[in-house]
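Respectively, the protein sequence lines represent chains A and B.
Quick note, in my numbering, the first sequence goes up one by one and the last residue is 102.
Quick note, in my numbering, the second sequence goes up one by one and the last residue is 179.
Hint data in this document are derived by calculation from the structure and do not stem from the laboratory.
Model, not experiment: these values are computed from the prediction.
Wrong hints could be hidden among the right ones.
Think about it this way: if two alpha-carbon atoms lie no more than 25 angstroms apart in a straight line, the pair counts; the simulated PhoX-like pairs of lysine-lysine are [to be verified]: (1) Lys113/B - Lys81/B; (2) Lys26/B - Lys39/B; (3) Lys113/B - Lys58/B; (4) Lys104/B - Lys71/A; (5) Lys81/B - Lys71/A; (6) Lys54/A - Lys81/B; (7) Lys39/B - Lys57/A.
Pulled from the structure, derived: some chain A residues nowhere near chain B, Cβ distances all over 12 angstroms [stated by the list, open to error]: (8) Ile22; (9) Ile24; (10) Glu42; (11) Pro43; (12) Glu44; (13) Arg46; (14) Ser47; (15) Arg48; (16) Glu50; (17) Ala51; (18) His52; (19) Lys54; (20) Val55; (21) Asp64; (22) Leu97.
Computed beta-carbon distance windows for the label pairs [claimed, not checked]: (23) His58/A - Ala129/B: 31 to 37 angstroms; (24) Glu50/A - Gly76/B: 24 to 30 angstroms; (25) Phe40/B - Asp75/A: 26 to 32 angstroms; (26) Glu42/A - Lys81/B: 25 to 31 angstroms; (27) His125/B - Tyr90/A: 43 to 49 angstroms.
All C-beta atoms in this analysis are idealised placements derived from N, C-alpha and C, irrespective of residue type, glycine included.
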Amino acid sequence: MVIEISCLEVWREISNYIDDALEPELRSRMEAHFKVCKHCSAVLDGTRNVVKLIADEAEFEVPTSFGSGLYSKLNASLGKTSS
Amino acid sequence: MRPYERAIYFAAKGALDNPADAEEVAQETVLKAFNALPNFRFEAKFSTWIIQIAINEARMKFRKDRRHLYESIEAERQDEEGDYRPKDLADWRDIPSEQLQRTELRDALKRAMAALAPKYREVLILRDVQHVSIAETASILGISEANVKTRLLRARLQMRDALAPGIDGSWVTGRNEYKKVRPFS
Chain A
20 MVIEISCLEV
30 WREISNYIDD
40 ALEPELRSRM
50 EAHFKVCKHC
60 SAVLDGTRNV
70 VKLIADEAEF
80 EVPTSFGSGL
90 YSKLNASLGK
100 TSS
Chain B
-5 MRPYERAIYF
5 AAKGALDNPA
15 DAEEVAQETV
25 LKAFNALPNF
35 RFEAKFSTWI
45 IQIAINEARM
55 KFRKDRRHLY
65 ESIEAERQDE
75 EGDYRPKDLA
85 DWRDIPSEQL
95 QRTELRDALK
105 RAMAALAPKY
115 REVLILRDVQ
125 HVSIAETASI
135 LGISEANVKT
145 RLLRARLQMR
155 DALAPGIDGS
165 WVTGRNEYKK
175 VRPFS
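Same shape as in the complex, but just chain A:
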């Protein structure tokens, strides 16, 4: 028998649930809760979407100018050090 869990407890652990960082017993309790609680499963879907969006987003690319700017600064600094 799975012991029930409250919505508040689910919200506390939702991030660990997404990261698969929970003990199997707690995970099962949360899974049972999601089956019957529309609100918590909406919070889970949305939070998962956020994680997916952040991981996929092209916004999180390094600007193209970064490498060239970095190496010219590095060269300038090395030039100063060696002179």
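Add chain B to chain A, keeping to what the hints say.
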């Protein structure tokens, strides 16, 4: 240094959320790390060491910049005591891929990220953009693993509240304006 460029840049961006400032700080970080290389102790991971330098540099820049004074006070007020309750319980199932391409959603994501307190943004970027482990994130930021998890939870739930269609939905409805949902407390 090339394999670490992305990590350094995003570590700086987590603390600053300004691409130009992050780029400047990241470049300074590389120079500083290059000069400090003889002091590097091999018992630490090189990535942890250099990301720590980037975050420290970024925080120093953040503190120097008086424009952020109000924001930093606000961030201090947001303690980690008590539970974070999601504001919006509307359904938000899988996003169709064509919607992910929409400018409105990308802009909303950018704004939501910028609205996070730096301490939450730092953790979110290390974990969800850079995929750094909980243990390494804790070591980089000098906080406990439990604290990393708490901050990550809050960051993700705040991002969700800012982006969930039911509470605002500017990217779903196509409205031009974006209604800020902060403060979250």
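Index of numbered hints that the structure contradicts, given in increasing order: 7, 21, 22 and 27
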